[in-house]
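Protein chains in written order, with the numbering used here: chain S, 674 to 1086; chain Y, 7 to 355.
Each hint should be verified, as a subset may be incorrect.
Claimed, not checked - Derived pair list, reagent style DMTMM-like, types lysine to aspartate or glutamate, alpha-carbon separation capped at 25 Å:
#  : chain 1 : residue 1 : chain 2 : residue 2
1  : Y       : Lys90     : S       : Asp794
2  : Y       : Lys51     : S       : Glu751
3  : Y       : Lys90     : S       : Asp720
4  : S       : Lys793    : Y       : Asp273
5  : Y       : Lys75     : S       : Glu1082
6  : Y       : Lys75     : S       : Glu751
7  : Y       : Lys75     : S       : Glu709
8  : Y       : Lys51     : S       : Asp720
9  : Y       : Lys75     : S       : Glu731
10 : Y       : Lys90     : S       : Glu716
11 : Y       : Lys75     : S       : Asp794
12 : Y       : Lys75     : S       : Glu827
13 : S       : Lys793    : Y       : Asp188
14 : Y       : Lys51     : S       : Glu827
15 : Y       : Lys75     : S       : Asp1058
16 : Y       : Lys90     : S       : Glu709
17 : Y       : Lys90     : S       : Glu827
18 : Y       : Lys90     : S       : Glu731
19 : Y       : Lys90     : S       : Glu1049
20 : S       : Lys712    : S       : Asp974
Said to hold, decoys possible - What follows is a set of in silico ranges between Cβ atoms, one per label pair, in the way DEER data are often shown:
#  : chain 1 : residue 1 : chain 2 : residue 2 : range
21 : Y       : Ile208    : S       : Thr988    : 43 to 51 Å
22 : S       : Met937    : Y       : Asp188    : 32 to 40 Å
23 : Y       : Lys51     : S       : Arg928    : 54 to 62 Å
24 : S       : Ser914    : Y       : Glu111    : 50 to 58 Å
25 : S       : Pro733    : Y       : Ile208    : 39 to 47 Å
26 : Y       : Ala284    : S       : Asn945    : 54 to 62 Å
27 : Y       : Asp188    : S       : Ser759    : 49 to 57 Å
Claimed, not checked - Computed far set for chain S versus chain Y, every beta-carbon distance over 12 Å:
#  : residue
28 : Glu709
29 : Arg728
30 : Phe737
31 : Thr756
32 : Ala762
33 : Ile769
34 : Arg776
35 : Ala801
36 : His892
37 : Met935
38 : Gln971
39 : Ile1002
40 : Arg1051
Hint data in this document are derived by calculation from the structure and do not stem from the laboratory. Cβ atoms here follow ideal geometry from the backbone N, Cα and C, with glycine treated the same way.
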Amino acid sequence: MTDLTQASSGKSAPESRPGSGDVVPSAPDILKTRIEQYKSAAEGLRDMLLADLIRFGEIPAPTFAEEQRIRFLANRFEEIGLTHISIDAIGNGMGIIAGSEGRRTLLALTNADTLVKNIKDQTIEVQADRLIGPFVGDNSIALAALTTLPLLLERLNLQFKSNIILLATTRSLERGNLEGIKHFLANSGQPIEAGLCLESVQLGRLNYHCIGLLRGDIHCRLPENYNWAQYGATGSIVPMSDVVNRISQIALPHRPLTTIIMGMIQGGIAYNNVARETILSFEARSESLDILNQIKQQIADVIAEVGARSGVEITLDVIAQREPGGLDISHTLVRKATTILAALGLQPMLYSTTSQLSAIRDAKIPGLTIGLTTGERRYELDEIDESVNIAPLASGLAQLVGILQAIDEGGVS
Amino acid sequence: MKLNLRKWLRSLTERAPAKTTQKRFQVADWLPTHTFHHSQFADLKALVVEKERQNLRISLCLPALNEEKTIGKEIIMLKSELMKRYPLLDELVVIDSGSTDQTREIAASFGASVYLARDILPQYGEKHGKGENLWKALYQMRGDIIIYIDADITNIRPHFAYGLVGPLIRMPEVQYVKAFYDRPLTVSKGVRVSGGGRVTEIQVRPLFSLFFPELTAIIQPLSGEYAARRRALERLPFPVGYGVETAHLLDIYHRWGMAAFAQTDLDQRIHRNQSTHALGKMAFGIYQTFFRRWKAYGCVEKLPAMETMLRQFQNCDGRYEQTESLIREVERPPIITIPEYQKAFGRHP
């Protein structure tokens, strides 16, 4: 079969930096027709996709407790007749769609874990055009896409030459720090041609580059000899607020793009009790490793100084540090994917990500992150509500098949 | 045409075996052989094979009134798993009582066949209530087995349907399968009170304990989910309102006895909680249904000796056990009839 994405890329895509989003290749009509067929077949599987989405979404799976979800995934894989279904030592679930030749292996993966523990109600509501619930966006659709893809290929009567590994990883978020995917890549024992990281939203995203990341917790604790009787004793919250102020004053360059997110703060137990411990969770992101290292040093200086001045113990616990990097925008895989998106009439959104793609990149496997539908997230203190749109899902699945097929036909080297 | 309910109920009693000749029913015997967990029917492939071998057609009815928040999810879950993935169900029908929200539109958009109850058999008039939808569904659907599932369940799973239909496929003598659910309220280590909701425990179970003790084996007599053979349902009158579940139990029991029942544990069911006010209406409807039958069965004139055993349920380490409490409501005479009282107060009747 002809690689239609190659046929369309006779002229090179315009240069673009991550985030510029200005690559709009054209797609040949024959590819458009083919992708439309995929979309139409995917529409026929809508209910099965949504049913699996609901099943995955309503199974609690906080990081380090994903067993139940993975078990459901493995059962589904077994029902649809995948081969080599397994759950590895740290709980990753996988199955293989066997290729006709099996010389190449492609990887489609997503994380099985969810962000927040102890969600009171994980029920998903189905409306005419969307689904609403705590984790429908992150990342239940992507899990449902893994269980629907084999049915879609069967419906299309498509068999790839390459084997396709469908992988749901554990321990990816927060303190999990991508442990699941790293474990899989370290132990998979076979060369992988390319990896596609699936995210539920947003359809049209095309992450080919990873932004560098420094994620950590700053603990501010009262020492053993703290003078509780002293009137005006401020506990751990006031020194932490000083740390927050000082971090927010760190000068951040626009180029290379750098940000610091102070995402979470916890401390104290009551209105009238001095807080013994306060924890600030932050994430610094940058396109430059040097700048990340500088930020790390500056934060270390801030906590040393505030700690010395206030008499409390302040420590930095680095949870994750990832280097920036990834594919060049002119890489074959990026071009193939942009052509598929173009065939769906979608403008690719090109920007950097901090997702599992960085582990794929570290393993020197060409990889992309793609989204499957559109949606949004709203959250308050202890509630997350996400909504995802049903109609674009067919395009999301068609895109997935199209990109896998493009890699299968011509490789990415 | 007018249905002569009273005449029908009398004929039912005449056909029923005389209670005195029936073998004394033993709850302890019936419970383990007719009580299931849905997981016992989870091999859907095998269930479908058996269904096809028996040449059965199975219909699922979702009676609905303003259920736009839950109807779409129920249809997706049941249709995708039990029609597309495993062809256990042959049709999925929504019978709507005239919703004013988007219930019908959403149901249709997810591929259910949607009907307004008033459009079915319109020559028999329009009545309001869930029972009306269930009755008209019998005319609209074609199944040999009919499954009814309320449309307000937020945690719907495929086992809600296959757990109910499983005993009917496996046990030819069973006519009617009732759902029950886990109500996780622990009273001591390994022991939880079980049974139904407020109306069940305060009204129906005491009524059954008094007059139909065998029916107390049904753990949740008012659960809105059940499956039955058409050949049984078509012979039953259907109260259109709150009494439909109670009526089914009483009438099937009278006609076929306990062997016609089975019940399946469907784990947890999450749905809207009803106000005490609404439950009062339900209880009122159930009383009407109950005493109408009580009279039709000829029991008013021949009131049997009042039972003094209240039968309830508890879950003991996963097993459902019936507990019996002897409650003798002994009554004292008016105190004015007591000589000592008369003497002390100088009062006489």
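Results for each hint:
no.: 1; hint: Y:Lys90 with S:Asp794; in the structure: violated, 29 Å
no.: 2; hint: Y:Lys51 with S:Glu751; in the structure: holds, 13 Å
no.: 3; hint: Y:Lys90 with S:Asp720; in the structure: holds, 9 Å
no.: 4; hint: S:Lys793 with Y:Asp273; in the structure: holds, 18 Å
no.: 5; hint: Y:Lys75 with S:Glu1082; in the structure: violated, 45 Å
no.: 6; hint: Y:Lys75 with S:Glu751; in the structure: violated, 32 Å
no.: 7; hint: Y:Lys75 with S:Glu709; in the structure: violated, 32 Å
no.: 8; hint: Y:Lys51 with S:Asp720; in the structure: holds, 20 Å
no.: 9; hint: Y:Lys75 with S:Glu731; in the structure: holds, 16 Å
no.: 10; hint: Y:Lys90 with S:Glu716; in the structure: holds, 14 Å
no.: 11; hint: Y:Lys75 with S:Asp794; in the structure: holds, 15 Å
no.: 12; hint: Y:Lys75 with S:Glu827; in the structure: violated, 33 Å
no.: 13; hint: S:Lys793 with Y:Asp188; in the structure: holds, 19 Å
no.: 14; hint: Y:Lys51 with S:Glu827; in the structure: holds, 19 Å
no.: 15; hint: Y:Lys75 with S:Asp1058; in the structure: holds, 15 Å
no.: 16; hint: Y:Lys90 with S:Glu709; in the structure: holds, 23 Å
no.: 17; hint: Y:Lys90 with S:Glu827; in the structure: holds, 14 Å
no.: 18; hint: Y:Lys90 with S:Glu731; in the structure: holds, 21 Å
no.: 19; hint: Y:Lys90 with S:Glu1049; in the structure: violated, 30 Å
no.: 20; hint: S:Lys712 with S:Asp974; in the structure: violated, 54 Å
no.: 21; hint: Y:Ile208 with S:Thr988: 43 to 51 Å; in the structure: violated, 58 Å
no.: 22; hint: S:Met937 with Y:Asp188: 32 to 40 Å; in the structure: holds, 35 Å
no.: 23; hint: Y:Lys51 with S:Arg928: 54 to 62 Å; in the structure: holds, 60 Å
no.: 24; hint: S:Ser914 with Y:Glu111: 50 to 58 Å; in the structure: holds, 52 Å
no.: 25; hint: S:Pro733 with Y:Ile208: 39 to 47 Å; in the structure: violated, 34 Å
no.: 26; hint: Y:Ala284 with S:Asn945: 54 to 62 Å; in the structure: violated, 43 Å
no.: 27; hint: Y:Asp188 with S:Ser759: 49 to 57 Å; in the structure: violated, 32 Å
no.: 28; hint: Glu709; in the structure: holds, 22 Å
no.: 29; hint: Arg728; in the structure: violated, 8 Å
no.: 30; hint: Phe737; in the structure: holds, 25 Å
no.: 31; hint: Thr756; in the structure: holds, 19 Å
no.: 32; hint: Ala762; in the structure: holds, 28 Å
no.: 33; hint: Ile769; in the structure: holds, 21 Å
no.: 34; hint: Arg776; in the structure: holds, 32 Å
no.: 35; hint: Ala801; in the structure: violated, 5 Å
no.: 36; hint: His892; in the structure: holds, 37 Å
no.: 37; hint: Met935; in the structure: holds, 36 Å
no.: 38; hint: Gln971; in the structure: holds, 49 Å
no.: 39; hint: Ile1002; in the structure: holds, 39 Å
no.: 40; hint: Arg1051; in the structure: holds, 18 Å
Consistency with the previously given hints fails for numbers 1, 5, 6, 7, 12, 19, 20, 21, 25, 26, 27, 29, 35, ordered from lowest to highest.
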